[in-house]
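Protein chains: 2
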Amino acid sequence: MNLFTSRWAPLPVGVREVTEGGLAAGFRAGALSAGIKPSGKLDLALLICDEADCTSAARFTRSGVQAAPVMLTRERCHLGQLRAVVANSGNANAATGHDGYEVAAAMQSAAAAALGVGAHQVAVCSTGVIGVQLDPEPVVAGITECAGQLSAGGEEEFQQAIMTTDAFEKRATIEVALSGGPVRISAQAKGAGMIQPSFATMLCFIETDAKLEDHTAELLLSVTVKRSFDRISVDGQLSTNDTVVLIASGASGVAIDPESDDELRFGEALDGLLRALAIAIVRDGEGAVRVGRVVVHGGSGPHVERVARTVANSPLVKTALHGGDPNWGRIAQAAGMAIPDSAPLPVDISIEGMQVCVAGQELEHDRDALAVRVSGDEIEYTVGLPGEGHQAECFFSDLSPQYISINADYTS
Amino acid sequence: MNLFTSRWAPLPVGVREVTEGGLAAGFRAGALSAGIKPSGKLDLALLICDEADCTSAARFTRSGVQAAPVMLTRERCHLGQLRAVVANSGNANAATGHDGYEVAAAMQSAAAAALGVGAHQVAVCSTGVIGVQLDPEPVVAGITECAGQLSAGGEEEFQQAIMTTDAFEKRATIEVALSGGPVRISAQAKGAGMIQPSFATMLCFIETDAKLEDHTAELLLSVTVKRSFDRISVDGQLSTNDTVVLIASGASGVAIDPESDDELRFGEALDGLLRALAIAIVRDGEGAVRVGRVVVHGGSGPHVERVARTVANSPLVKTALHGGDPNWGRIAQAAGMAIPDSAPLPVDISIEGMQVCVAGQELEHDRDALAVRVSGDEIEYTVGLPGEGHQAECFFSDLSPQYISINADYTS
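Quick mapping for you: the protein sequence lines, in order, are chains A and B.
Under UniProt numbering, the first residue of the first sequence is numbered 1, with each subsequent residue one higher.
Under UniProt numbering, the first residue of the second sequence is numbered 1, with each subsequent residue one higher.
Calculated directly from the structure, the hints in this document are not laboratory data.
Honestly, I wouldn't trust all of these hints.
One copy or two, it doesn't matter: identical chains are merged, so the pair holds either way.
Calculated pairs, SDA-like style, for lysine to any residue (alpha carbon to alpha carbon, straight line, at most 20 Å) [what the hints assert, rightly or not]:
{"#": "1", "residue 1": "K226", "residue 2": "P340"}
{"#": "2", "residue 1": "K226", "residue 2": "V295"}
{"#": "3", "residue 1": "K226", "residue 2": "D341"}
{"#": "4", "residue 1": "K226", "residue 2": "L11"}
{"#": "5", "residue 1": "K41", "residue 2": "E145"}
{"#": "6", "residue 1": "K226", "residue 2": "S300"}
{"#": "7", "residue 1": "K41", "residue 2": "R306"}
{"#": "8", "residue 1": "K41", "residue 2": "T382"}
{"#": "9", "residue 1": "K41", "residue 2": "M71"}
{"#": "10", "residue 1": "K41", "residue 2": "D135"}
{"#": "11", "residue 1": "K41", "residue 2": "A167"}
{"#": "12", "residue 1": "K41", "residue 2": "V132"}
{"#": "13", "residue 1": "K37", "residue 2": "D366"}
Computed from a predicted model, the values in this text were never measured in an experiment.
Hey, can you work out the whole structure from these sequences and the hints?
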């Protein structure tokens, strides 16, 4: 694997990518096919931390319509004491009501029994079609079988079993040099490929052998998710199932003290890893051929945030990105839409470092040179609003005819 | 013309469509080609009310980035005393700064001089490519020439000159029976066809020979625009140029008193007309083959509004609509996204009158029958949120591969 290919998420200083992979120390993972995916591909995944005194943190979708496993994990787990994850693909177990909740509970209980941990230590995750009941029997049997096959090199199978229509794997193992010695972080993400006929779900599981206090895990995950998975859009649609879990085994024996230089270094490494994974999700957005980044600066925090998201979600900006079209008028239009009743709003716009609009009016520029710049794989847009002191960014995919064909097919 | 083809906007009771067309009494219109459109098609339009004591009202885009003609009309016109409209297609005169404002002012002055009215009585409208300066000379010359060619039957040419890539005309003339005799309302709209390479702009001009007080015109236009052009979405993108103008000539001699039965009848007729035009814009959305309507009810006004707009703008719902896919899970997902941090949100969903989801869980239904129902031209979705007393609706087009190809091409 070589995850750090984007100029927007380089490998942080003091960090190396462990190209041969492997989970961080203290973890085992595995997967099998429980027959949920009609294709017979891997669809059931287990992850266990073998250190009983591990710490953890988790983040979930904010949607008002949450899948049963999300509800269950939020309600029944001690989110700072997670030791295991059971995840399935092929069925999101969403919009499945009380019955679906019981299936999620059965998955949790089976994993807890098979792995010898408390049910409250098992996060449950699902991704796939929604509104269809998940048959618990083969899943529970699969969990029991899978629990006997876990290994420290099982992250590749684990990754494959959480994928749906992802075109490529999104995982990495990195090593971070700290004052007490090296620690490793491994992570596996999926998302932005659509499971027919449902919507994108992003899942990410992060394992580290560093020793973290639970509130340090919580703090670091909170900050880094805000700068990564919270800054991406394929189609602006919030999922019912989004889940991110971080577990720290402590198996390296290297402790990270709060507010230490090591905490900063570890945080930067985690930040770089999650940003690289997030950008990989955008790059794998259904039908996507290019990744855009919009950076908005100005004097109002809410304004820069709204403009960044409105630009990132505009189908007009996304089709222009697809077509290699430097259509800055659509950026201006999206900015105006994001801040209604503010006319005249003097926006500055640059594309790939070339300024094309000053105070809402075109600036003469070399169109031929710009056309070349927007034909690459990664295109950066900068929007300046009045004032200064605030900045927001979003990463987004283009909108292509393949997006339509992937999503327009009949459900059944 | 037969505008009233949608089941959602039938011809109101007491109203007949004047199929032979023609402007309401007291108006003349016309158009010519001023060379703005490279195709040489009509691109400059004039409308004049010959009654000096007419009244009017107008509505504009709320975007923070407003085109020069919008800024000029808002700043320099007496919006209750408009007598004329000058409009061009092929260039939106947006993001053109001070120079663009001067061009809009030159158009206004030329129209005022040629038509013998005050500049403050001339609304200026543009639609087309943005960020490109509009050459004022041929436009001003065209205005002078066009002013000598206006006629009571000029609305067809007028309509054509405000169209960009609209696939069909959107206009009608209706006759409303009032206690003092019949009055007519004529209207011409454009929109949702995209002008390459820019974004949709909707314009609508409404003429009536009823005699209205200016605050009645304002009230009626305010209410009916909220129920029509404010309830549609092709791609969720607010334009820089949206403008709606209503002028009442009074030439019929039939006055409409405030809070009278006649005002109610006239308002219902105007409402039906604008809703039919708004739905026609959605039907003509780029690449569209179907029109969706979502009706949301529940106990919170802001919630029903947000859910309706989120469903209408979801690319997942729109691709499902395109594919004739009754994918109700995407409706549930959009509802959950619209009301974050509200889980568990018990949503009820019906499609074409068939209930498919109760309290967030699938209700057994006849999938084959539903598949037939969603294969029509107009599909209705109903979403029930907890509580009652509030309702919101949106009309929206599907998302097709043609939308991409129309919008992904290079600017120049």
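Hints, one by one, checked against the model:
Only between protomers do K226 and P340 lie at most 20 Å apart by alpha-carbon distance; the minimum there is 16 Å, versus 26 Å within a single protomer. For the identical chains of this complex, K226 and V295 are intra-copy neighbours only, at 15 Å inside a copy versus 34 Å across copies, given an alpha-carbon limit of 20 Å. Within a single copy, K226 and D341 get their C-alpha atoms only as close as 29 Å, which misses the 20 Å cut-off; across copies the closest is 17 Å, which meets it. In the homo-oligomer, the alpha carbons of K226 and L11 lie at most 20 Å apart inside one protomer (19 Å), although the nearest pairing across protomers, at 51 Å, exceeds that limit.
For a Cα distance limit of 20 Å, the shortest separation of K41 from E145 inside one copy, 16 Å, qualifies, whereas the shortest one across copies, 71 Å, does not. Taking the closest pair of Cα atoms, K226 and S300 come within 20 Å of each other only inside a single copy of the chain (18 Å); across copies the shortest separation is 30 Å, beyond that limit. Taking the shortest alpha-carbon separations for K41 and R306, neither the intra-copy value of 40 Å nor the inter-copy value of 39 Å comes in at or below 20 Å. For the identical chains of this complex, K41 and T382 are neighbours neither inside a copy (42 Å) nor across copies (37 Å), given an alpha-carbon limit of 20 Å.
For the identical chains of this complex, K41 and M71 are neighbours neither inside a copy (27 Å) nor across copies (59 Å), given an alpha-carbon limit of 20 Å. With identical chains, the CA atoms of K41 and D135 are at most 20 Å apart within one copy only, with a shortest distance of 17 Å there and 62 Å across copies. Proximity of K41 to A167 under the C-alpha cut-off of 20 Å is restricted to the intra-copy arrangement: shortest distance 14 Å within a copy versus 46 Å between copies. Taking the shortest Cα distances, K41 and V132 sit within 20 Å of each other inside one copy (19 Å), while across copies they are farther apart (53 Å).
In this assembly of identical chains, K37 and D366 lie within 20 Å of each other by CA distance neither inside one copy nor across copies; the values are 51 Å within and 24 Å between.
The structure fails to meet hints 7, 8, 9, 13 from the earlier list, while all remaining hints are met.
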